[in-house]
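Sequences are here, hints too, so could you generate the full structure?
Number of protein chains: 4
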Amino acid sequence: MSGPETKTEVFTITEVAEERSISSRNKRLYEQYVQPCLAELFGTTLFVFVGCSSVVGDVGSGLIQPALTHGLALGVLIMVFGQISGGHFNPVVSLSIYLCGGMKLRLLVPYIVSQMAGGTIGAGLTKAVYPPKSYESSLGGAFVPFAAELGRVTVAEVMLTLILTMVVCMGAVNRQTRTAMAPFCIGLTVTANIFAGGVLSGGCMNPARAFGPAVVANHWQHHWVYWVGPTSGALITTSLIRLLFGDQKTRILLR
Amino acid sequence: MSGPETKTEVFTITEVAEERSISSRNKRLYEQYVQPCLAELFGTTLFVFVGCSSVVGDVGSGLIQPALTHGLALGVLIMVFGQISGGHFNPVVSLSIYLCGGMKLRLLVPYIVSQMAGGTIGAGLTKAVYPPKSYESSLGGAFVPFAAELGRVTVAEVMLTLILTMVVCMGAVNRQTRTAMAPFCIGLTVTANIFAGGVLSGGCMNPARAFGPAVVANHWQHHWVYWVGPTSGALITTSLIRLLFGDQKTRILLR
Amino acid sequence: MSGPETKTEVFTITEVAEERSISSRNKRLYEQYVQPCLAELFGTTLFVFVGCSSVVGDVGSGLIQPALTHGLALGVLIMVFGQISGGHFNPVVSLSIYLCGGMKLRLLVPYIVSQMAGGTIGAGLTKAVYPPKSYESSLGGAFVPFAAELGRVTVAEVMLTLILTMVVCMGAVNRQTRTAMAPFCIGLTVTANIFAGGVLSGGCMNPARAFGPAVVANHWQHHWVYWVGPTSGALITTSLIRLLFGDQKTRILLR
Amino acid sequence: MSGPETKTEVFTITEVAEERSISSRNKRLYEQYVQPCLAELFGTTLFVFVGCSSVVGDVGSGLIQPALTHGLALGVLIMVFGQISGGHFNPVVSLSIYLCGGMKLRLLVPYIVSQMAGGTIGAGLTKAVYPPKSYESSLGGAFVPFAAELGRVTVAEVMLTLILTMVVCMGAVNRQTRTAMAPFCIGLTVTANIFAGGVLSGGCMNPARAFGPAVVANHWQHHWVYWVGPTSGALITTSLIRLLFGDQKTRILLR
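Residue numbers (my numbering), protein chains in the order written: chain B, 963 to 1217; chain F, 963 to 1217; chain U, 963 to 1217; chain C, 963 to 1217.
Don't take each hint at face value.
Unchecked claim - Once the Cα atoms are required to be at most 30 Å apart in a straight line, the calculated DSSO-like pairs of lysine-lysine come out as:
1) U:K1066 - C:K989
2) F:K989 - C:K989
3) C:K1211 - C:K1066
4) U:K1211 - C:K989
5) B:K1066 - F:K1211
Said to hold, decoys possible - What follows is a list of derived Cβ distance ranges for each label pair:
6) C:N1180 - U:V1190: 30 to 40 Å
7) C:L1205 - F:G1022: 34 to 44 Å
8) C:P1072 - U:L1215: 15 to 25 Å
9) U:S985 - B:L1070: 28 to 38 Å
10) C:P1072 - U:I1214: 21 to 31 Å
11) C:L1067 - U:R1217: 20 to 30 Å
12) B:V1106 - F:G1022: 21 to 31 Å
13) U:W1189 - B:L1070: 45 to 55 Å
Just so you know, these hints were derived from the structure itself, not from any lab. Computed from a predicted structure; not experimentally measured. C-beta: ideal position from N, C-alpha, C; glycine also.
In structure tokens form, the structure reads like this:
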């Protein structure tokens, strides 16, 4: 009467296999969808916390302190979380990477939601550590268009984000030009760009970085500039890469 | 009568072999236990000497001089001593690396003792080179919570150390994300973090860096902040990596 | 009657082959001549925009803001466009690379024309984003010899460009010494050189960087200095490499 | 009568072979002895020119301008000339590398002579480009012990040079710990060290850097400090590496 025994055995084996397949499906789901979104949320939290804190705690350095802090923190966080999520920490960076073929569509909205949430938590942490007086006098690191003319400020954000997303897509997506040094290239671009446009628009280039402190400090004046400018810059970058600078796989003309 | 001869020969051979084995055992002991501890002691000495000296010898740079000095010195020393001891130079870095599975338990206490000793020697060397007047006016590079509210200062140390140990464990321990650029990532994180929290807590993130000048300058006010904050930050980092961000070998959930 | 069929087939195949060969010739032409020139034009546009903007938007940093901005932006742009065009963005860099055997003669003039055009567009973009008042007070980032003695200023430009082109040709062309870190070496040389000679000549080292804002701000005083100095520096560099420092393939003596 | 023919042929061949062997001997001599010394002379010229110029042309940056300039220029020049001569540009660096087994004795004195000559030419070039007034008010970049107590200043130079030569010998000579990033490690150590000791001794660590402007500006007060301090530091480093931190080939104990 080995029949039932075998049956049981087979049944047991199947059960284990099923369990294993459920467990491995959960693992795959976690590593492909949940962990990347958590990395974007957590990385953006840390980036926005460090960034806003460097503005609130600035001690008369001009632009040196915020420029170096945003650039170094971003470069390091991309290096450290890049293998998990790509290390975007910026909705328009995700947008331009998607449009250049560097990520799946189904991750785009979850990434952007994670980044907005992370930016808000990071800005909240800055509020938690800084005394209210210095926090409020610097608007918690929220962005303010310094120049009176909003048109110029918006064009500045377009140009700076164009440069940032160009470095992202050429350095990390486009096969012909991508490099292992991309994280530091991206970070140092942020440093250079804040030096170039900090006195105009603050040098944001990142709606999540703008959104977080806007929520926490409740400062929304001219907030649209930090969505319209960066998004336009990312779209121009994508067009230029798809039309002119991409390699054979990325370019849609003359390939 | 070749017997005794052979015996002698064998005896001699055995003796040499024993000597060799003692010598190679000593060598192994030296390279696996003594040299790493010496490297931690000496590296922490140099790091704390350079760090404290950059604070005592600051010439009105705001946070630029200490932020760059601590970051660059740490990055370079990790690069140079990393192959010997890992290049921790920080008790809570050793703690978080141990808790993430990156070092043996039997080295943890010797490392921490070496780091505390190194920090004290380094702070002493700063006292030896700087004139007493400038040494005392800057408390020898000892840490002072600038803000009145100790809670905020402690939370700042928690957050900054969380970021530092996250970069250490993800960049140098966790298999999926570790990188050859980890030494510079860790150093530049210290630079960014001092810019982010320097005006609150000084941006210590390292009990050995706090302990050394506290001993030498005999300044112990609120010293506990620089043990409680960094240790808590390291524990949060380890939990996050073990639960969420670690790879299959490091994570304890969903692996 | 397979004849006509075959004929047609052959004809069709030939047609397709011709189309293919035209298309692949166009593609080759694009990737070998048009895309590199576009990359030089666009890269120089971004470099001069960021550079001029960091001068116009300087907030009393002394030389720190322009020195870091020019160096970091140049290093990143070479990293990102180097695989397409080499990432020169500077007529005398192209000249010295050509004279050391690192590029084809037929690309030299198109590259220089692209760089001059890019410099002008970049300087125009700086004018577009900055309010006229701050733009004019800083001459739009155009170069001014600060010291009265033009001879010294010219020698300064000779020396600084000699160093820059030496790093370019040794780091990126000369087989024995070239390195993957050349883009950052070149960028950081610009940073060091601006610190070394910024108060004398501005630390230009690049006729395209000088030409762009000179056109847009219509400021031509002593403009020749920024052509004569850099060109002389590049020629000295090339002589030194061809005679003394080149490897066996590059050196014309003792090979 | 093939005899004479053959003889002639053989003779001719021998002659060519001799010529070839003389030429290849000259080539070998050039590449092994002359070119490295020229690289040390020329590299030290550029390093001291850039270094002294950053001090003479400093615009109230505290230590930021000299610290960054010396560090970046040194890192880049080592990267670019390292494959030819090792890129020492510093007599005590050559000394410590020789004592750790990283270079031949017969090159030591020629290297040091080249470095002293290069330092003098570089300091002369700084005098050539800067107006006499600003040149003299900053002593042409010559070193001045700022603190009254020469003992402290000398100990500072000992410590700073100990750190520099430790990074050189561990990062570029000692097999177990050497790294391709050594050039930047060495440069950034100089930056950190100038921040740590600049207000005490100037942060020289290099007799050639001290000697050049001392000759050109004819400023010899306390000049011995910049020979005694760095040499002592280099000797301590070598002892520590030979006794404690070297790998099996470098260490003379317990190997």
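So, going through the hints one by one against the coordinates:
{"no.": "1", "hint": "U:K1066 - C:K989", "result": "29 Å, holds"}
{"no.": "2", "hint": "F:K989 - C:K989", "result": "44 Å, violated"}
{"no.": "3", "hint": "C:K1211 - C:K1066", "result": "16 Å, holds"}
{"no.": "4", "hint": "U:K1211 - C:K989", "result": "13 Å, holds"}
{"no.": "5", "hint": "B:K1066 - F:K1211", "result": "27 Å, holds"}
{"no.": "6", "hint": "C:N1180 - U:V1190: 30 to 40 Å", "result": "32 Å, holds"}
{"no.": "7", "hint": "C:L1205 - F:G1022: 34 to 44 Å", "result": "41 Å, holds"}
{"no.": "8", "hint": "C:P1072 - U:L1215: 15 to 25 Å", "result": "20 Å, holds"}
{"no.": "9", "hint": "U:S985 - B:L1070: 28 to 38 Å", "result": "33 Å, holds"}
{"no.": "10", "hint": "C:P1072 - U:I1214: 21 to 31 Å", "result": "25 Å, holds"}
{"no.": "11", "hint": "C:L1067 - U:R1217: 20 to 30 Å", "result": "28 Å, holds"}
{"no.": "12", "hint": "B:V1106 - F:G1022: 21 to 31 Å", "result": "27 Å, holds"}
{"no.": "13", "hint": "U:W1189 - B:L1070: 45 to 55 Å", "result": "49 Å, holds"}
In this structure, the one hint that does not hold is number 2.
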